[in-house]
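A.B. asks: Read in order, the letters of the sequence shown are residues 320 to 563 in my numbering.
All the given hints hold, so there is nothing to weed out.
Label pairs and their in silico Cβ distance ranges:
hint, residue 1, residue 2, range
1, 386, 472, 13 to 21 angstroms
2, 445, 556, 34 to 42 angstroms
3, 384, 557, 35 to 43 angstroms
No wet-lab data here; the hints were simulated from the structure.
A virtual CB, placed ideally from N, CA and C, is assigned to each residue, including glycine.
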Amino acid sequence: VADAPLLLDVYRPPGRTEARPAVVLIHGGGMWTGSRTDMAVPARRLAQAGYVAFSVDYRLVDAETGGNRWPAQLDDVQRAVRWVRAHASAYGVDAERVGAYGWSAGGQLAALLGVRDTRDATIPPLRYSSRVTCVVDLAGDVDLAAYQQPPALLEVIALLGGTCQAVPERYRDASPLSWIDGATAPFLVVHGDQDDVVPLAQSQRLVAALRSAGVETQFVQLANAGHHTLTWSRIGPPVLAFLD
Numbered sequence: 320v321a322d323a324p325l326l327l328d329v330y331r332p333p334g335r336t337e338a339r340p341a342v343v344l345i346h347g348g349g350m351w352t353g354s355r356t357d358m359a360v361p362a363r364r365l366a367q368a369g370y371v372a373f374s375v376d377y378r379l380v381d382a383e384t385g386g387n388r389w390p391a392q393l394d395d396v397q398r399a400v401r402w403v404r405a406h407a408s409a410y411g412v413d414a415e416r417v418g419a420y421g422w423s424a425g426g427q428l429a430a431l432l433g434v435r436d437t438r439d440a441t442i443p444p445l446r447y448s449s450r451v452t453c454v455v456d457l458a459g460d461v462d463l464a465a466y467q468q469p470p471a472l473l474e475v476i477a478l479l480g481g482t483c484q485a486v487p488e489r490y491r492d493a494s495p496l497s498w499i500d501g502a503t504a505p506f507l508v509v510h511g512d513q514d515d516v517v518p519l520a521q522s523q524r525l526v527a528a529l530r531s532a533g534v535e536t537q538f539v540q541l542a543n544a545g546h547h548t549l550t551w552s553r554i555g556p557p558v559l560a561f562l563d
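Could you put the whole structure together from the sequences, leaning on the hints where they help?
C.D. replies: Pasting the structure below:
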């Protein structure tokens, strides 16, 4: 996009004749830090389990200049899903079975891929849907207006371009809660009960809203787990069971 390259890494299991389901992995970092390489471990584990895994980059907001503000991040991950579908035959992917997997801010973006259609359908590749078949949300944010203290507040303001009082429409746009309906994809939501970065209440609100709308939803609350301790050894079994 402009002068910003958008890259992804592909983790492929051994080839076979039948097309495989795919998982698009989205890193965390508050949408101002992180990269696709942060998701290397779960991407490899998913490939070992038979999925074609795509770990993607997206534009990061520049907190100092205000560059790459929302919805750049949503546009980029929606573009990534459409790219996977456009290139499904080249990578042995079943374009009807593309899931999203995200942690922290990546969980928020993954959730949005499951609750809404393409925001800007003029962005190529054209003709392909960005809505995923299912979502794995690991401690994702669902309501950025809940962050009222620095430094989180300042990061949110940099991302959305103002406070909730100043630009409420952007806060609604960035919240998965705003988009849940009967067409929402099935969700697995995982959150640690000792998370001191993204409050457990964020996932609890998401689960309640999903279930209220009749969406197939699984919720795993991990005991004695913090924001940065959602290791594959703990989350892998429920993730693979859900995706399977």
